[in-house]
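Residue numbers (the numbering used here), protein chains in the order written: chain A, 1 to 460; chain B, 1 to 460.
Hints may be right or wrong, so weigh each one.
Put simply, identical chains are the same to the list, so a pair is met inside one copy or across any two.
Stated by the list, open to error - Mimicking DSS-like on lysine-lysine, the simulated pairs with C-alpha atoms at most 25 Å apart in a straight line are:
#1 K328 / K71
#2 K349 / K288
#3 K107 / K427
#4 K349 / K373
#5 K288 / K177
#6 K288 / K95
#7 K346 / K247
#8 K247 / K177
#9 K177 / K95
#10 K297 / K71
#11 K332 / K297
#12 K288 / K119
#13 K247 / K4
#14 K207 / K119
#15 K119 / K297
#16 K71 / K4
#17 K85 / K373
#18 K339 / K247
#19 K77 / K427
#20 K95 / K85
If you're looking for bench data, these hints aren't it; they were derived computationally from the structure.
2 protein chains.
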Amino acid sequence: MSQKVIIVGAGLTGSLLTIYLARRGFNVEVYERRADMRIVNISAGKSINLALSTRGIHALDQVGLAEEVLKTAVAMKGRMIHSNKGELTFQPYGKNENEYINSISRKDLNVILMNEAEKFPNVQIYFNQRCTGMSLETGEAYFVNETHGGSSVVSGDTVIGTDGSASAIRMEFLRSKHFNFSQSYENYGYKELTIPTAEGGGFRIEKNALHIWPRGSYMMIALPNVEGDFTCTLFMNYENGEYNLNKLVARTDVTQFFQKVMPDALELMPELVDDFFNNPTGSLLTIKCYPWNINGKALLMGDAAHAILPFFGQGMNCGFEDCYYFDKLIEKHGTDWQKIFEEFGKLRKENADAIAELALENFVEMRDLVAHKDFLLKKKADVLLEERYPERFISKYAMVTFHRIPYAIAMKRGQIQDRILMEMCSKIDSIDELNLEEAFDRIKTEFAKAGIEEKLKLEV
Amino acid sequence: MSQKVIIVGAGLTGSLLTIYLARRGFNVEVYERRADMRIVNISAGKSINLALSTRGIHALDQVGLAEEVLKTAVAMKGRMIHSNKGELTFQPYGKNENEYINSISRKDLNVILMNEAEKFPNVQIYFNQRCTGMSLETGEAYFVNETHGGSSVVSGDTVIGTDGSASAIRMEFLRSKHFNFSQSYENYGYKELTIPTAEGGGFRIEKNALHIWPRGSYMMIALPNVEGDFTCTLFMNYENGEYNLNKLVARTDVTQFFQKVMPDALELMPELVDDFFNNPTGSLLTIKCYPWNINGKALLMGDAAHAILPFFGQGMNCGFEDCYYFDKLIEKHGTDWQKIFEEFGKLRKENADAIAELALENFVEMRDLVAHKDFLLKKKADVLLEERYPERFISKYAMVTFHRIPYAIAMKRGQIQDRILMEMCSKIDSIDELNLEEAFDRIKTEFAKAGIEEKLKLEV
Numbered sequence: 001m002s003q004k005v006i007i008v009g010a011g012l013t014g015s016l017l018t019i020y021l022a023r024r025g026f027n028v029e030v031y032e033r034r035a036d037m038r039i040v041n042i043s044a045g046k047s048i049n050l051a052l053s054t055r056g057i058h059a060l061d062q063v064g065l066a067e068e069v070l071k072t073a074v075a076m077k078g079r080m081i082h083s084n085k086g087e088l089t090f091q092p093y094g095k096n097e098n099e100y101i102n103s104i105s106r107k108d109l110n111v112i113l114m115n116e117a118e119k120f121p122n123v124q125i126y127f128n129q130r131c132t133g134m135s136l137e138t139g140e141a142y143f144v145n146e147t148h149g150g151s152s153v154v155s156g157d158t159v160i161g162t163d164g165s166a167s168a169i170r171m172e173f174l175r176s177k178h179f180n181f182s183q184s185y186e187n188y189g190y191k192e193l194t195i196p197t198a199e200g201g202g203f204r205i206e207k208n209a210l211h212i213w214p215r216g217s218y219m220m221i222a223l224p225n226v227e228g229d230f231t232c233t234l235f236m237n238y239e240n241g242e243y244n245l246n247k248l249v250a251r252t253d254v255t256q257f258f259q260k261v262m263p264d265a266l267e268l269m270p271e272l273v274d275d276f277f278n279n280p281t282g283s284l285l286t287i288k289c290y291p292w293n294i295n296g297k298a299l300l301m302g303d304a305a306h307a308i309l310p311f312f313g314q315g316m317n318c319g320f321e322d323c324y325y326f327d328k329l330i331e332k333h334g335t336d337w338q339k340i341f342e343e344f345g346k347l348r349k350e351n352a353d354a355i356a357e358l359a360l361e362n363f364v365e366m367r368d369l370v371a372h373k374d375f376l377l378k379k380k381a382d383v384l385l386e387e388r389y390p391e392r393f394i395s396k397y398a399m400v401t402f403h404r405i406p407y408a409i410a411m412k413r414g415q416i417q418d419r420i421l422m423e424m425c426s427k428i429d430s431i432d433e434l435n436l437e438e439a440f441d442r443i444k445t446e447f448a449k450a451g452i453e454e455k456l457k458l459e460v
Numbered sequence: 001m002s003q004k005v006i007i008v009g010a011g012l013t014g015s016l017l018t019i020y021l022a023r024r025g026f027n028v029e030v031y032e033r034r035a036d037m038r039i040v041n042i043s044a045g046k047s048i049n050l051a052l053s054t055r056g057i058h059a060l061d062q063v064g065l066a067e068e069v070l071k072t073a074v075a076m077k078g079r080m081i082h083s084n085k086g087e088l089t090f091q092p093y094g095k096n097e098n099e100y101i102n103s104i105s106r107k108d109l110n111v112i113l114m115n116e117a118e119k120f121p122n123v124q125i126y127f128n129q130r131c132t133g134m135s136l137e138t139g140e141a142y143f144v145n146e147t148h149g150g151s152s153v154v155s156g157d158t159v160i161g162t163d164g165s166a167s168a169i170r171m172e173f174l175r176s177k178h179f180n181f182s183q184s185y186e187n188y189g190y191k192e193l194t195i196p197t198a199e200g201g202g203f204r205i206e207k208n209a210l211h212i213w214p215r216g217s218y219m220m221i222a223l224p225n226v227e228g229d230f231t232c233t234l235f236m237n238y239e240n241g242e243y244n245l246n247k248l249v250a251r252t253d254v255t256q257f258f259q260k261v262m263p264d265a266l267e268l269m270p271e272l273v274d275d276f277f278n279n280p281t282g283s284l285l286t287i288k289c290y291p292w293n294i295n296g297k298a299l300l301m302g303d304a305a306h307a308i309l310p311f312f313g314q315g316m317n318c319g320f321e322d323c324y325y326f327d328k329l330i331e332k333h334g335t336d337w338q339k340i341f342e343e344f345g346k347l348r349k350e351n352a353d354a355i356a357e358l359a360l361e362n363f364v365e366m367r368d369l370v371a372h373k374d375f376l377l378k379k380k381a382d383v384l385l386e387e388r389y390p391e392r393f394i395s396k397y398a399m400v401t402f403h404r405i406p407y408a409i410a411m412k413r414g415q416i417q418d419r420i421l422m423e424m425c426s427k428i429d430s431i432d433e434l435n436l437e438e439a440f441d442r443i444k445t446e447f448a449k450a451g452i453e454e455k456l457k458l459e460v
């Protein structure tokens, strides 16, 4: 097999895809805009830590990388909720010790993937290559070298754009007919902050948790790093609400804000004010488009096709799952790119749309619901129902995070389950009062109405 | 006043805007991609005829052009429905003889506007100038001359993109942060066809009507031209339905299709098959975006900001209304472009969104509802209610077409009115059975619930 595939973007999805394609014997040329992060420090101070979960682990496992990657991760077994008085409440993510998510640094993971990709003699990664566009007629892709300014024209048998939410390949799609596209920004921005390693080493707060300071209209989260520090992210409206980003202008604005609403965090963050003003403000964006390919000449994958909000921790997991399904389609159709691309789009589009919607829902959940009594009861109801009806009930969070049930099905089932359980939990004071049989019956009835099969088919 | 405004695109909105700005003393440079249509024939065989109505006429009247333009128009006093047996039903558009819309050729109107604009010594129109982008920092705009290939850099005090649904200026907006954007294609395409002038001159079918052949999943319309011919447009799904564009492949496919479902039209169209295969297939697109300006350096207006479907005949009328309101804001804020642009966006965005939605609704109405009994009764109910409750009831169609009530208000009121009247009309066989008081009371109640003022304020 001597076909050549051009990959634009050596981020997480692009690098894993390269490995999958290399294993199938394709010649893969990867063009990356940034410098080689293994040589140059290119951190922009705005990377939200990643939560690697079942879908991503499964995709890594197919190429033998899951174990190596998980060694660099910190297990997060639940949410640790910080009240504004500093009280802590722990909400487990899963029904048992085996269900947890993995905090991992974007850079560490990307380096592992690039190193693995470069082990293949049929892979070549070129850095500092900014894509300036491509011809959807000839399939040629155009690059400018960001170091010396030279330009080049590259051609292969097909082009795959894994160049992220600001995809240059997608810009070409926009010039073609019948390309449906939307980009939608939230009114929220975010700031990366840090809880440093404790003096003498170790973690200043619970290591094995995703920490949340939920405050209704805004929130901060903190994810552990293996070195003992936490990467924190403050999500906040630009201009609305009692507190917002536009109001935090002076150094004292920031300290007074933290003092008032997250005093326990303030004590943990000696560099808070400098971080706040030195780091750029990130923006939150959802991208939807279709079709994802033009005539088999080019395909969009990962964030380039479906950038989502970070609140379900599924952006990377979804991109990795893209790679897995794409590989299965190569197994089925060989190098009939047009056929592979068409089928890939049909298979993945509704699932990408579903996880986009779920991620938005989870933003409300994280910044607000997790602090409410009804929601805590509902979480307990989820666990009891999973115990009572294995094979037939899985919580929405677990379907998305600990299973590989297609996102679209997880969303349909999960939204019905959550609506019924939230309503029932709003009427009780203790989980003992919940009638599990009644809850499950109501869920079954709603499933039947919506044409959803009652039994779970976990295999995909 | 010596400020210079760069206008990209000398289409309908761009040309009218130029006149408004020239009257205020600005130096206006207009850059148009196409050749000068007054010299070169640039018809692409895919222009749906325009229906000029109150909003557009009002905006033309402000610059003294309404009378001249209306001389080239043909009054359309209602819809003439053609059944598949060739039976005709006439549905008046308005409640009296003074409420009608005006069929006008895009080219004739554009020529009148360009001629008027060029009467001003402070206006210069450059043709064959394709915009290749602009700098949103410096405000410079870039053009390539399509004739000789030379490129130029142009700068003024601000840039206004009236360059249509495929706007080059908007492409620059897409590269900036926090620009919300969507483009969404219908699964329908369209073909321009012709009913020629009768032998010896005159109209082959009723002159003063917009003709419709409604067929549920597809339709044809025909709009009269002053010369006696009709510009027809067949709207049809690309791939779904008993008949679709993908199925009309051979010459006999087209004639058999017309013979079966629009036999009366077939007889009127001697060039049908040639037109069908020679003319390109047009596509149907909705564009939404926001903000419409970047830092006062550039503004989008007309289709560049809000391209809509053609089914309410409001695309041009809305663009002309943009010009009118923009001019009012110059009156208010002088040359504070940032302020003018911000206020323009806030004023017009919800109205542009509303007419986009109304145009989509009207597609269903035109291709399907107009052939139904309930709908015909509802039309009669509209007229009776307008007579009984002047000042308090106007039909949705009339609010959009014969008044200048903001589109957003017309939509809110109209949707409630139509829902209630359709339901009541579905239960009766003759309009005499309709209880007008009850209908109006129900509408008032729903208005109150939705926070809509009962009395119409027609002044805007």
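Hints and how they fare:
For the identical chains of this complex, K328 and K71 are neighbours neither inside a copy (27 Å) nor across copies (65 Å), given an alpha-carbon limit of 25 Å. In this homomeric assembly, K349 and K288 come within 25 Å of each other (Cα to Cα) both inside a single copy, at 9 Å, and across copies, at 22 Å. Neither within a single protomer nor between protomers do K107 and K427 lie at most 25 Å apart by alpha-carbon distance, with minima of 46 Å and 67 Å respectively. Neither within a single protomer nor between protomers do K349 and K373 lie at most 25 Å apart by alpha-carbon distance, with minima of 36 Å and 40 Å respectively.
For a Cα distance limit of 25 Å, the shortest separation of K288 from K177 qualifies both inside one copy, at 16 Å, and across copies, at 17 Å. In this assembly of identical chains, K288 and K95 lie within 25 Å of each other by CA distance neither inside one copy nor across copies; the values are 33 Å within and 44 Å between. In the homo-oligomer, the alpha carbons of K346 and K247 lie at most 25 Å apart only across protomers (23 Å), although the nearest pairing inside one protomer, at 45 Å, exceeds that limit. Taking the closest pair of Cα atoms, K247 and K177 come within 25 Å of each other only across two copies (20 Å); inside a single copy the shortest separation is 43 Å, beyond that limit.
With identical chains, the CA atoms of K177 and K95 are never at most 25 Å apart, being 48 Å at best within one copy and 41 Å at best between copies. Taking the shortest Cα distances, K297 and K71 never come within 25 Å of each other, neither inside one copy (38 Å) nor across copies (51 Å). Only within a single protomer do K332 and K297 lie at most 25 Å apart by alpha-carbon distance; the minimum there is 19 Å, versus 52 Å between protomers. Proximity of K288 to K119 under the C-alpha cut-off of 25 Å is found in neither arrangement, the shortest distances being 34 Å within a copy and 46 Å between copies.
Neither within a single protomer nor between protomers do K247 and K4 lie at most 25 Å apart by alpha-carbon distance, with minima of 52 Å and 37 Å respectively. Proximity of K207 to K119 under the C-alpha cut-off of 25 Å is found in neither arrangement, the shortest distances being 34 Å within a copy and 75 Å between copies. In this assembly of identical chains, K119 and K297 lie within 25 Å of each other by CA distance neither inside one copy nor across copies; the values are 27 Å within and 49 Å between. Taking the shortest alpha-carbon separations for K71 and K4, neither the intra-copy value of 33 Å nor the inter-copy value of 63 Å comes in at or below 25 Å.
Taking identical chains as interchangeable, the C-alpha atoms of K85 and K373 lie at most 25 Å apart only when both belong to the same chain, with a minimum of 17 Å there against 66 Å between chains. For the identical chains of this complex, K339 and K247 are inter-copy neighbours only, at 22 Å across copies versus 52 Å inside a copy, given an alpha-carbon limit of 25 Å. Taking identical chains as interchangeable, the C-alpha atoms of K77 and K427 are never at most 25 Å apart, the minima being 29 Å within one chain and 60 Å between chains. With identical chains, the CA atoms of K95 and K85 are never at most 25 Å apart, being 28 Å at best within one copy and 67 Å at best between copies.
Violation of the numbered hints given earlier is confined to hints 1, 3, 4, 6, 9, 10, 12, 13, 14, 15, 16, 19 and 20; the remaining hints are satisfied by the structure.
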